[in-house]
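Undergrad: Heads up: the sequence shown at position 111 corresponds to 111 in the UniProt record's numbering, and the numbers run straight through without jumps.
Hints should not be assumed to be uniformly reliable.
Cβ pair distances, simulated, as ranges [claimed, not checked]:
# : residue 1 : residue 2 : range
1 : G64       : S18       : 28 to 38 Å
2 : M167      : E69       : 30 to 40 Å
3 : R165      : E69       : 39 to 49 Å
Since the hints were made in silico from the structure, they are not lab data. Glycine is no exception: its CB is placed at the ideal position from the N, C-alpha and C atoms.
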Amino acid sequence: MVDMVRKGKVDVLVDFLSKYEDELVKRGGGWGPALADGDDRSSVTEQKNIDTPFPLWWRAQEAGISLDELSDAGPGENGDTPPAAVEAIPTSVPNTLLQLAAEAGVEEIVQYLLIERRADPAAPIAPLHRRTTPPPSSSSDAPAIPHRTAYDLASARAVRDVFRRLMVEQPDWAEWA
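Go ahead and model the full structure; you've got the sequences and the hints to work with.
TA: Listed below in structure tokens is the structure:
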């Protein structure tokens, strides 16, 4: 799927997603978290399957970091550090299909994901979290990680133009700022 996006194979990607998206997201082994057999997904959830983040192992491989060094846990809900001390590693490794397409500079796929699938253009590029031996003295000492999105990964002007055009035409579709 990643190669389809990077090579700009729009039709192949559309066919692949129509056949296998539900399996990839539902099973959890591939693309998204596993769902229990009895879980019922609403139409909003169905629509947002496209925003399911890539697995941690793939992102670690793309970043050139050993999976053994990474932690699944990030900062807690209150900004507290989890039980095992972790350090956030800012990265430009895409977290979603839209971010991957923007990084690859494939205008047609970005347009398909934004318009047809309503992918979230404001989804942040999630940092990877590395385990650290000594816990940091304070969570306020950790450098702030900037909020970066698919637009920030866009490698081509034509791709950035798709985002700009949609922002003007459909301002209520997302939190563009």
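Undergrad: Please list, smallest to largest, the hint numbers that this structure does not respect.
TA: none
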